[in-house]
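**Student:** Going down the list, the sequences are from chains A, B and C.
So for the first sequence, the numbering used here puts the first residue at 1; every next one is plus one.
So for the second sequence, the numbering used here puts the first residue at 1; every next one is plus one.
So for the third sequence, the numbering used here puts the first residue at 1; every next one is plus one.
Simulated from the structure, these hints should not be mistaken for lab results.
Mixed in with the good hints there might be a few duds.
Restricting the straight-line Cα-Cα distance to at most 30 angstroms, the calculated cross-link-like pairs of lysine-lysine (DSS-like) are [claimed, not checked]: (1) Lys258/C x Lys142/A; (2) Lys172/C x Lys238/C; (3) Lys142/C x Lys142/B; (4) Lys158/A x Lys238/B; (5) Lys148/A x Lys57/B; (6) Lys195/A x Lys172/A; (7) Lys57/A x Lys142/C; (8) Lys163/A x Lys152/A; (9) Lys57/C x Lys148/B; (10) Lys158/A x Lys148/A; (11) Lys142/A x Lys142/B; (12) Lys195/A x Lys207/A; (13) Lys207/A x Lys172/A; (14) Lys57/A x Lys195/A; (15) Lys142/B x Lys158/C; (16) Lys168/C x Lys258/C; (17) Lys238/A x Lys158/A; (18) Lys142/A x Lys57/B; (19) Lys163/B x Lys196/B; (20) Lys258/A x Lys196/A; (21) Lys238/C x Lys158/B; (22) Lys196/A x Lys168/A; (23) Lys148/C x Lys57/A; (24) Lys158/C x Lys238/A; (25) Lys191/B x Lys163/B; (26) Lys238/A x Lys207/A.
Some chain A residues close to chain B (C-beta under 7 angstroms, calculated; not the full set) [said to hold, decoys possible]: (27) Arg12; (28) Gln19; (29) Val23; (30) Pro60; (31) Thr61; (32) Gly72; (33) Gly74; (34) Ser75; (35) Asn76; (36) Ser124; (37) Phe127; (38) Gly203; (39) Met204.
The C-beta atom is built at its ideal place from N, Cα and C for all residues, glycine as well.
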Amino acid sequence: MSVITLLTDFGRQDSFTAQMKGVILTINSACRIIDITHEIDSFNIKKAAITLGFCYKYFPTGTINVAVVDPGVGSNRRGIVAAAGGYYFVGPDNGIFSYIYQDCKDEVSVYHLTNNEIFLSNDSSTFHGRDVFAPVAAHLSKGFPIDKLGIKINDYIKINIPKPQINKEIIKGEILYIDHFGNAITNIEGKYIPKKATVTFNGMDIKIINYYGQADSDTPYAPYALINSSGLLELFIKNGHFAQEYLITEGQPVEIAKEFIPYHVQL
Amino acid sequence: MSVITLLTDFGRQDSFTAQMKGVILTINSACRIIDITHEIDSFNIKKAAITLGFCYKYFPTGTINVAVVDPGVGSNRRGIVAAAGGYYFVGPDNGIFSYIYQDCKDEVSVYHLTNNEIFLSNDSSTFHGRDVFAPVAAHLSKGFPIDKLGIKINDYIKINIPKPQINKEIIKGEILYIDHFGNAITNIEGKYIPKKATVTFNGMDIKIINYYGQADSDTPYAPYALINSSGLLELFIKNGHFAQEYLITEGQPVEIAKEFIPYHVQL
Amino acid sequence: MSVITLLTDFGRQDSFTAQMKGVILTINSACRIIDITHEIDSFNIKKAAITLGFCYKYFPTGTINVAVVDPGVGSNRRGIVAAAGGYYFVGPDNGIFSYIYQDCKDEVSVYHLTNNEIFLSNDSSTFHGRDVFAPVAAHLSKGFPIDKLGIKINDYIKINIPKPQINKEIIKGEILYIDHFGNAITNIEGKYIPKKATVTFNGMDIKIINYYGQADSDTPYAPYALINSSGLLELFIKNGHFAQEYLITEGQPVEIAKEFIPYHVQL
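In isolation and in its complexed conformation, chain A is listed as follows (with noise of 0.2 angstroms):
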């Protein structure tokens, strides 16, 4: 039984999401249809690329991910599928696989849909997530080849997630998504972490530290760090919201010392 996910900026109060999941079970009703998320800052690509970054390696093999944040729709940004590292992704050509691209390589096949007899009939100029992506997507579930579905492409677009950048003594990096929870997940990857290091953001020095419930309830406020689970440098407070407390936002810069030098004695 294949898996077909959803990722939008639609919000939840319309009919737009039901609208894709309708067309998707018309074609194959016994596809499993999962949300990720509806939830995206309207138009924001990179905030979709890096949730659909986190999250898609936990599906089985082979499911379907459609990604929808499409302010171009209609114009002539593309629709793609790609393959990517054992997995189908469906959506416009806007960028929103880059996270994926970055991970899976050298693994990478991307198409152009340029097959319009799958497409929905009336296909609008307006909402090619229900009039082609939906459709692609449960056509490719229902096994019709990639190669079928358009034409390989190779400049597809890709916006840029940034990467930290790691020397010997330094590792700078930058606040990458802000979870519900109002933690700060930063780019950096745990792995290039030594044991002994200092965590300097904003001016505070602040301390990594190994689960949410080792942080010190008599400081309430205070920051700390731990390796969440995505494997990144994540920063927060105790049972509080700690990108409202401290006004972060995405892309602040955060470094790493490598060896233990309070933020104040570097300067």
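Dock chains B and C against the given chain A, drawing on the hints supplied.
**Tutor:** Only chains B and C this time, still in chain A's reference frame:
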């Protein structure tokens, strides 16, 4: 494998929708349950009717749609099941299926749900979504005959889903629905709009284009119009929230002059 | 086809719940996954316990309920699976199943999850929902024996889900749960309330009626009470948000005088 959709004003924080799903799966563990939305504004029957009207046709024929926005639950308002256009609709008789009735006209059969052997045994007077409509939908999905569920009626409740007034020189419509993106969907079908036409709204002349990305990026808050994926005229601003920027509410008038006559001249 | 439900405080914007679903489907692609809610207030174990308590009985016997509100993840708090009342419950041992324990009393068996061969291999210390509870639930749904998942324990954590004090003349309860509509659900079961009874709350005498629509429309903000679909006394205002209008919080006292004695006379 039959499909049951759910549309309510129950929100997502409580277990109300889960209770309905549990009841359905207890009766028919093989059916597919798809959420349309549970974020209809509390008690807003008209919004529910329009939301359902926009999406039901995209589901497989035979899909059973349960809709529950039901301020009259427990009173003498009837529960109904309707067969219309190849689909089934289960819910309160308060006009929630009015869009369907308008769409399907002669193809509508409505039954008052009187066969309480089908209902949950501890039938409450406050939650017919769980105690009446969920079991009815589940039994229907297993092939229980619709005419054994109750008594056919003709005096079912219809609420007014406003239609535009179309005459020689002008189409007078209104904002029907504001979506998650802040786009304002009107009740004017694209097929009635001639090629040379001007949309006038709130004293503004608005240009009709083909897709969102075609709007001029140099004037970011300028409103535009297009024919949307439901075939309806829709007003929007590029990459922004039209309804919030312009304080739009559902029901506001929209006019289309069939020749290019700027609004101020028209007056 | 077995059913797994999910209840968390993860929200809907991130991919956390999708990661759990991916893990489950990788192990058992045939099981049904139903979201109860992911909008429990962050870290609010008691709210999670009550929300689950309100709905689990409506699912098919054998349903596996995974509940994750887990501020203690990674610490020495245990992971558990409970068998109770014909259902299974998987999650942290922090009291999140306390409503179930109270409901099912003698029918409860709890196991400390120690069989880490079942866990995800890259078991994190911050996301046991994905790495421990999801795989345990998935294996359980495939028939893995519960007593092979861990060691039976009796000292599992219970938190207090307050019960009303019932004596001859008065029932002293409290607001247990405020729902999406702003209705205030008390912990007083309808079966204990005599026919002649007055509800007193915040100095107001409140009339008990049978259903929402029965409330008088002429006094739109007047509070009313009824016995709700969970069999509990509930306070509300007609077509409005009682909790917001009256600044109600969970825990506030509610009293029922068993004879009709107006509140001011009672004092």
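**Student:** Please go over all the hints and tell whether each is borne out by the structure.
**Tutor:** Each hint tested on the structure:
no.: 1; hint: Lys258/C x Lys142/A; in the structure: 64 angstroms, violated
no.: 2; hint: Lys172/C x Lys238/C; in the structure: 25 angstroms, holds
no.: 3; hint: Lys142/C x Lys142/B; in the structure: 25 angstroms, holds
no.: 4; hint: Lys158/A x Lys238/B; in the structure: 23 angstroms, holds
no.: 5; hint: Lys148/A x Lys57/B; in the structure: 28 angstroms, holds
no.: 6; hint: Lys195/A x Lys172/A; in the structure: 17 angstroms, holds
no.: 7; hint: Lys57/A x Lys142/C; in the structure: 22 angstroms, holds
no.: 8; hint: Lys163/A x Lys152/A; in the structure: 28 angstroms, holds
no.: 9; hint: Lys57/C x Lys148/B; in the structure: 28 angstroms, holds
no.: 10; hint: Lys158/A x Lys148/A; in the structure: 24 angstroms, holds
no.: 11; hint: Lys142/A x Lys142/B; in the structure: 25 angstroms, holds
no.: 12; hint: Lys195/A x Lys207/A; in the structure: 11 angstroms, holds
no.: 13; hint: Lys207/A x Lys172/A; in the structure: 17 angstroms, holds
no.: 14; hint: Lys57/A x Lys195/A; in the structure: 28 angstroms, holds
no.: 15; hint: Lys142/B x Lys158/C; in the structure: 41 angstroms, violated
no.: 16; hint: Lys168/C x Lys258/C; in the structure: 8 angstroms, holds
no.: 17; hint: Lys238/A x Lys158/A; in the structure: 36 angstroms, violated
no.: 18; hint: Lys142/A x Lys57/B; in the structure: 22 angstroms, holds
no.: 19; hint: Lys163/B x Lys196/B; in the structure: 22 angstroms, holds
no.: 20; hint: Lys258/A x Lys196/A; in the structure: 6 angstroms, holds
no.: 21; hint: Lys238/C x Lys158/B; in the structure: 23 angstroms, holds
no.: 22; hint: Lys196/A x Lys168/A; in the structure: 13 angstroms, holds
no.: 23; hint: Lys148/C x Lys57/A; in the structure: 28 angstroms, holds
no.: 24; hint: Lys158/C x Lys238/A; in the structure: 23 angstroms, holds
no.: 25; hint: Lys191/B x Lys163/B; in the structure: 14 angstroms, holds
no.: 26; hint: Lys238/A x Lys207/A; in the structure: 13 angstroms, holds
no.: 27; hint: Arg12; in the structure: 5 angstroms, holds
no.: 28; hint: Gln19; in the structure: 5 angstroms, holds
no.: 29; hint: Val23; in the structure: 5 angstroms, holds
no.: 30; hint: Pro60; in the structure: 19 angstroms, violated
no.: 31; hint: Thr61; in the structure: 23 angstroms, violated
no.: 32; hint: Gly72; in the structure: 5 angstroms, holds
no.: 33; hint: Gly74; in the structure: 2 angstroms, holds
no.: 34; hint: Ser75; in the structure: 4 angstroms, holds
no.: 35; hint: Asn76; in the structure: 9 angstroms, violated
no.: 36; hint: Ser124; in the structure: 4 angstroms, holds
no.: 37; hint: Phe127; in the structure: 3 angstroms, holds
no.: 38; hint: Gly203; in the structure: 34 angstroms, violated
no.: 39; hint: Met204; in the structure: 34 angstroms, violated
Hints 1, 15, 17, 30, 31, 35, 38 and 39 from the earlier list are contradicted by this structure; the remaining hints agree with it.
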